[in-house]
Amino acid sequence: MSRETENAALLLVGLSTGMVAVTGAFTRYVKPSLLPWLLCAAVLLVAFGLTTIIGDARGRAQGDHGHTHRSAIAWLLAVPIVVLIFVVPPALGAGAANPTVVAVSTDVLHRPFPALPAGRAPVVSLPNVLERVANDTAGTLDHRLITVTGFVVHDRDTTYLARVVITCCAADAQLARIRLTGAPVAQASSLSNNSWLSVEGVVLPGPAPTLDVSGMTPTEPPANTYAYFSS
Amino acid sequence: MWIAVDARGCWHDVPVAVGFAPTRRRVGSMPILVAGLAAFAVSGRVLHTFVTGHPELATAGTVFCGVFIQAVPFLVVGVVVSGLIAAFAPAERLARWLPRRRGAAILAAAVGGAALPGCECGSVPVARRMFSDGALGAAALTFMLAAPAVNPVVLVATAVAFPGQPKMMAARCSASLLTALIVGAGWSKWGRLEWITRRLPAPHGGNSSRWALFREAARHDFVQAGSYLVVGAGAAALLHVLVPPWIFEHLAGHLLVGVLAMAALAVVLALCSVADAFVASSLSMLPLLPRLVFLVVGPAVDVKLIAMHAGMFGRAFAARFAPAAFAVATLTATVVGVLMLGGVR
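Chains as they are written, first to last, in the numbering used here: chain B, 1 to 231; chain R, 1 to 345.
Keep in mind the hints are simulated off the structure, nothing from the lab. Incorrect hints may have been included.
Unchecked claim - Estimated spans, in silico, between C-beta atoms of each pair:
#, chain 1, residue 1, chain 2, residue 2, range
1, R, Trp97, B, Ala223, 50 to 56 Å
2, B, Ala223, R, Ser188, 56 to 62 Å
3, B, Gly24, R, Ala41, 41 to 47 Å
4, R, Ala327, B, Asp155, 41 to 47 Å
5, B, Thr217, R, Lys167, 42 to 48 Å
6, B, Leu15, R, His254, 43 to 49 Å
7, R, Lys167, B, Ser214, 40 to 46 Å
8, B, His154, R, Ala327, 44 to 50 Å
9, B, Arg111, R, Leu238, 35 to 41 Å
10, B, Arg156, R, His254, 46 to 52 Å
11, B, Arg111, R, Ala115, 33 to 39 Å
12, R, Gly53, B, Leu15, 45 to 51 Å
13, R, Thr52, B, His154, 19 to 25 Å
14, R, Ala41, B, Ala47, 52 to 58 Å
The C-beta atom is built at its ideal place from N, Cα and C for all residues, glycine as well.
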C-alpha cells in the first residue's frame, strides 16, 4: 500500500468510526458510554489523515518525495472500513450469546440495593433483577410486582425470558435469563423463540431466578436490544 | 508475493515518473482501494442481507466490530502519546537519561517503560534504537517488554475490561514488570551481540519540524498497530464462532492445561496490548489465572512480535528471545497469579 493510500485508509477508518458513532450503530458493538471516546478518536483520526495528506501534497510541490517506508499489512485497515460502513453486522441475538445462565460475579459484595421505584409494577431491567436476586440484602424484590422486558427462549421444557448482556463489547456477550412460571406461561410456550415480551410478575424465592407471571404483552424489540449490569 | 508488493511499493516512491511513463505503469494501490470500496458500496445491501441471514457470520462480524471499535479510542490515545514522545523525547535522549550501572539502568528502563504508553509494535523500533551497539542492550529489552505491558493506557483498559476486579490490574502490572526485569537481567548475563545480525537503518534527515515528527510517528503507529488490531479482532471473531464453549469449560477444570493453552493462545492471537484485556474479559468461563497468563504473555511475545524482532534485530536473536520470553512470562504470571489472585479458584 502506498503512502497516499495509507493516508486515505486512515481518513476512512476515522470516518467509519465517526459514522457508527453518529448513527448509533455502535451500540450493537460496544457500550453506549463509549460514545464520547469514539467521537474524539474519530475526530483525531480524520485530523491525522487530512493533515498528512495536505502536508504530503505541500512536500511534493517542493520536490520532496517523502519516506520510502511501505507495508502490505496496512491493507487490513480496509476490512473494518468495509465491515463498518457497508456490511454493518446486526446486534447479537439469543443464539449468538454464550448460552449460559448469568452467574452474577461473587466478587461483588452482598449489599442492600436501592428500593424499587414506587408504582404498581415498576420496570426493572432483566440483569438488574438477576443482580438483586443474587446480591440484594435489603429484599427489595420480595412480594413486589415488577415489569421485565426480554425475548422468549425455550430450553428443553422450560420457558425463559432473556436479554443479551454486554460488559464492554460484543465479544463478551452473555445471555441473562429468568425462568417464567405461572398460568399465562402456557400461552408463552406457543410463542416462538426470540419474540419480545413485556412481563408482569413476582420473583419467587429460591436458588434459581424465577418469575411468577401474572400478565404478559407482546412488544416490539427496543432500539438497543442489549442490556447492561448496573455495577 | 512479497516481491510483488515490494515492486509496487517501489513504483510509488517515484510518483512523478508514473505520470510520465504510462507504458511502465502498473495499477497502484489507490485505484485498487477506491475500486474495492466502490464495489462494496454497490453490493453493500446484498452483503448485509447475506451476513444477517447466516447467524454465525453475523456473530463473527459483530464480535469483530465490537473488539475493533472498543480498541480504537485506546489505540488513538496510545499513538498520540507515542507521537509526542517521538517529537519531544526521542530514543537517543531517553538512552542518555539512563543510569550508567547496568542493574540501575534495567530498573530505570522498566519504570520508564511503565510510565510511557505505547503499543508493542511501537516499542520494538524504540528499543532497537536504544539497543544501538549493545551497550544498553539489557535496558533496551527491559523497556521493550515493559512499555507495552505496563503503562497507564493498558492498565486503565484492563481495569475497564475487568470491572469489580482491581486485583487483575495489579497482578498484570506486577507480573509484566517482573517479566521485563527478569528478561533484561537474563540478557545481561547470557546475551550475545553476535545474535544481532540486523543493523540500524540510516537515520532520516533531521530537518523535520516537531509537529511533522509527531504527526508522522502517530500516523505510522496507528497504521501499523491498527492493521495488527484487525488481525486480532478477526481472530477473536473466528475463535468466538469456531471454538465450542465446552472447550473452555474443559480448560476451566484443568488449571495447568488452561494456563498453557491461554499462553499459546496469546502467542497465536497476537492482540494489541490495549485490546487484549477485552478479549480476556470475554473468556469469562475461564478462571482469572489463565486469563492473567494470557495478558502477560501477549505483550511480551506473539507471532507479530516474533516477526518484528526478526526484522529489527535478526533471526538468531528472535529464535532465542521468543522462547525465553514465553517461558519467563508464563512462569512469572502463574506465580504472581497464584499469590495475588488466589490462583486455584
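Here is how each hint holds up against the structure:
1. Trp97(R) / Ala223(B): 50 to 56 Å: 53 Å, holds
2. Ala223(B) / Ser188(R): 56 to 62 Å: 59 Å, holds
3. Gly24(B) / Ala41(R): 41 to 47 Å: 21 Å Cβ-Cβ, so the 41 to 47 Å window is violated.
4. Ala327(R) / Asp155(B): 41 to 47 Å: 44 Å, holds
5. Thr217(B) / Lys167(R): 42 to 48 Å: 44 Å, holds
6. Leu15(B) / His254(R): 43 to 49 Å: 46 Å, holds
7. Lys167(R) / Ser214(B): 40 to 46 Å: 43 Å, holds
8. His154(B) / Ala327(R): 44 to 50 Å: 49 Å, holds
9. Arg111(B) / Leu238(R): 35 to 41 Å: Hint holds: Cβ distance 40 Å, inside 35 to 41 Å.
10. Arg156(B) / His254(R): 46 to 52 Å: Between Arg156(B) and His254(R), where Cβ atoms are some 28 Å apart, the hint is violated.
11. Arg111(B) / Ala115(R): 33 to 39 Å: Hint holds: Cβ distance 36 Å, inside 33 to 39 Å.
12. Gly53(R) / Leu15(B): 45 to 51 Å: 28 Å, violated
13. Thr52(R) / His154(B): 19 to 25 Å: 23 Å, holds
14. Ala41(R) / Ala47(B): 52 to 58 Å: 25 Å, violated
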